[in-house]
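Asker: All chains should be modelled from the sequences, with the hints used to inform the complete structure.
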Amino acid sequence: MVTEDDVRYVARLARLRLEGDEARRATGELARILAHVAKIGELDIADVPPMAHVLDVTNVERADKPRPGLERDEALRNAPAVTDECFRVPRMSQR
Amino acid sequence: MTGWEPVIGLEVHTELKTQTKMFCGCAVAYGDPPNTHTCPVCLAHPGALPVVNQRAVEYATRIALALGCTIRPRNVFHRKNYFYPDLPKAYQISQYDEPLAVDGVFEYWVGEERLTCRINRVHMEEDAAKLVHAGESGRIDGSDYSVVDFNRGGTPLVEIVTEPDIPSPEAAGELLRQLRTLIIELEVSDCVMEEGQVRWDANISVRPAGADELGTRTELKNMNSFRFLQQALESEIPRQIAVLEAGEEVEQETLHFDPETGSTSPLRSKEEAHDYRYFPEPDLVPLEMDPVWVEEVAAALPELPAARIARFREQYGLSRYDAFVLGHARPLAVFYEEAASSGVDPKPLANWTMGAYLAHVKEAGLEPGEGFITPARLAALVAMIAAGAVSGSAAKEVFARMVEEKAEPAEIVERHGLGQISDDAVLEATVATVLEDNPDEVAAYRGGKTKLLGFFVGQVMKETRGRADAKRVGALLREALGEDDT
Amino acid sequence: MSDLDPLRLTALEAKRLLVEGEASAAELTSAYLRQIDAVERRVGAYVQVCADDAARYAARIDSEMTASRGALAGLPTAIKDNMLTLGVTSTAGSRILRNYSPVYTATAVRKLFDEHIVMLGKTNLDEFAMGSSTENSAFHTTRNPWDLGTVPGGSSGGSAAAVAAGEALWALGSDTGGSIRQPASLCGVVGMKPTYGAVSRYGLIAFASSLDQIGPLTRSVGDAALLLRHIVGGDSSDSTSVELPSRIELPSAERLDGLRVGVPREYLQAGIEEGVRRRFDETIALLEELGAGVEELSLPHTEYALAAYYLIAPAEASANLARFDGVRYGYRAPDCADLGEMYERTRGEGFGPEVKRRILIGTYALSSGYYDAYYGQAQRVRRLVKDDFDKSFAAVDLIVSPTSPTVAFGVGSRIDDPLAMYMSDVCTIPANLAGLPAISLPCGLSDGLPVGFQLIGPAFSENAILAAAHALERAIGFDPAPTFRGGETVEATTEATS
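Protein chains in written order, with my numbering: chain W, 38 to 132; chain D, 687 to 1172; chain R, 242 to 739.
To be clear, the hints were calculated from the coordinates, so they are not data collected in a lab. Heads up, a few of these hints could be off.
To be verified - Here are the simulated SDA-like pairs of lysine to any residue, each with C-alpha atoms no more than 20 Å apart in a straight line:
(1) D:766 <-> D:831
(2) D:816 <-> W:102
(3) W:76 <-> R:612
(4) W:102 <-> D:703
(5) D:766 <-> R:502
(6) D:907 <-> D:961
Answerer: Below is the structure:
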């Protein structure tokens, strides 16, 4: 059964801030949804190979040849903050 | 440290010298202005998708084969999920439970001792971007902000994981040095340490000597200096022993090494223990390794150090250790072999190469093979000694002058009159002089202190500025001192 | 100049008019821009209309491009706003990308640009394509042109509504669990999801990588074939894209003699509304009249498909949406003390509730200790769902079902009950899990609202599906012009994009 602590842990992993009531509500919603999807646990299928790729394709590779990329100003165009031609982020967390 | 033994394992990351990144066509380049080698893929723009670099797979395979690994028939990429500014997708495309290769072994030397270390796995992944912390110390604490340069992000990375088979800090250092040499010889990476092209994490634990079970281990992350690694291990091992001897438990944690203090301390955890939530990368399809292709890669491998060392022992009659010193790195091995091809006796050549030549090259900051002393020139000097044209000790001076004056050995000998004195008349005269000058020692010698022969030989050599043939001198001295020399 | 009726004109017909000089590109684009002016306030199909650019480009086609015109030159097209268009803001219906200026164009869209389509604008969608009603858009809720008090479906609700309302000749959408087919069904238009891999995903803002596909929303099956033909093909930028074994043909079939059709009994047990069931049964009868043989069959793992989907899709999405962290583009929460706060507030404020819900589910399903029971198990179910289809296609050529269990539901009627919302996709999800092509075409009305009929085929059977759908469409004779009853001006939920 998923608890509010579980939801806070998962929210932290996903870097999602849940304000005020959000964590409690999310816990209820998640509990209901997970209860529903957990029905797949009924199936005894441990020896069925999981399907990670629906296409029956392998070995897609590319030659090691340079291709044109972005000019620096294009790369920085959407950046919320720039310093010295680099993407700036606030200092690392102290905790 | 009695009663305890350290157990060390390494995870080595090496950047490949492909032209382009692992999953996009941006150039792999060093030292260029920031953010000039990026594209939607390595900047993780919405909708961007990775495509595997074929040459990176080839280079990774070379490394795995050179480490004696089994190339798995099929390998798959996985997403390793965590948040950090140098990781634009907030996941790294790496490999998890279906890696490129497993179960290898690496042979290396510590002094004269040959050790082996099992290789657990070799896999492919992409490098993170470069994160620089602005502010005073350049370290995380106390910086106001950080900046990210994505040029490096996406560079192909090969990860080599060893089993915890490494028995000492010295062994760890040697293993890394020799592994780096091997990777360079495979021509898959330049392993430039200053550029972070090769880095490693070490995990270290201790256990009662001879025990089987492993103790709790701590981890040293992201080092790129052999010296610091050794120091860090030399600091951490006693610390763990002290903890255990105090009856407490070693905590599993990540450590930081401070070169200033020479000790380790726990890294302030930037996050809790990572839950990476690995799952197969849906944007990439599996790689099936064609055994014929793998064979071709294996066949195209250069002679590996272990094989070359074995060959040197056999072919040149060298001791295990000498074969290691001369054979484990290509540049010196090539130098030695070329010199040996002149036909000169390989054993004295080995001594000269490992001795005077190696010392010269180190001091001059050269790579073996560079500079004035070519294989031919060294061989010529060794040949002159064998022919008796110059004495062994005078030859040292000849070598030094060759380096300085950039002239052939024969010329140096002529120019400076360093030719070996083989004329018995001259030698006898010098012997006579020496014996005359040292009557007490002569008496002592005749009285039974035969060890003084060395003293007399030394005196003669001094008189002749080292140019005398020491063996002949010894024989003449014995004669003169009244012993039968047959 | 012939009478251009944006509510009924097909692309094939429009193309003919242009080629034969009976209409100019400017006139054609103008007709759709006028319709947008007339109804967009009440329908809200678009996030952004590019009226000036469209008119200008259409005029250029007429004046400059007389010689080498592309195959789709002058055809007014709407593009779902989760496909990147260089130079035109692309938002994915999210606050976190509200002002995002793409640095490249999606391959599928670029292919259409290469054929000289006229892009009318970017259509509204559930945020990051997560939803079945377009109510999860950060900007506004699009309305169903058949009844403006109801939803157009989702997540490609904007594209479906635009086509239905005559605000575009045709549109591109994306389908992960039914997001093209279900809105097509609710809006009375044709919508097709190709075989997984048939269309490049490069430039499609990813939701669930192993399920997403781009596809057409059109007024006729023939149009769907035409549009599909020009977006399919392997792309060196997408490792999961493949060449189709044969070219997409414009369908012409009128009879379906010899066609074997299967009806999975599990789909009919999935809470299908009575009116929908009646239209479905009538369409089955039509199929038989056209010469097809219809039989019931079983896809036994159907009941687990929805659950598997609601583990796999959120899991992949949780990783795909992690890049929206305020570092390199998009929204960044202001005045953050440190990086941790920046991450959490940016994503907390930038994402809407449904997106956050799915990220939480997905992260949970992948997290340590739960992976095998949830994500791992879902991937096993996925294989079984695909196996069910593969086995069935040994006995039948196509599988059919209602597209959606219900007709369009009222705005706000399911938004507070995620599970009820998820049930909208119960008939469409299995085809995504199995990577199979599927089409929805309108087969009639129930209570004045459109009902959709779905055909699913084996991998790469697009031509067979299109042929059958075309013959059926002829026989059904559905009038695609909606009634526009009810509703008022659509209100914005958030500030629209710049």
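Asker: Within a Cα-Cα threshold of 20 Å, do residue 76 (chain W) and residue 612 (chain R) meet the stated pairing?
Answerer: It holds: about 15 Å lies between the C-alpha atoms, which stays within 20 Å.
Asker: Would the hint linking residue 766 (chain D) and residue 502 (chain R) be met if the CA-CA limit is 20 Å?
Answerer: Measuring from Cα to Cα gives roughly 44 Å; hence the hint is violated.
Asker: Regarding the pair residue 907 (chain D) and residue 961 (chain D), is the alpha-carbon distance no greater than 20 Å?
Answerer: holds, 18 Å
Asker: Regarding the pair residue 102 (chain W) and residue 703 (chain D), is the alpha-carbon distance no greater than 20 Å?
Answerer: holds, 13 Å
Asker: Taken at face value, is the distance from the CA of residue 102 (chain W) to the CA of residue 816 (chain D) at most 20 Å?
Answerer: violated, 23 Å
Asker: Assess, step by step, whether the Cα of residue 766 (chain D) is no farther than 20 Å from the Cα of residue 831 (chain D), and give holds or violated.
Answerer: violated, 26 Å
The structure fails to meet hints 1, 2, 5 from the earlier list, while all remaining hints are met.
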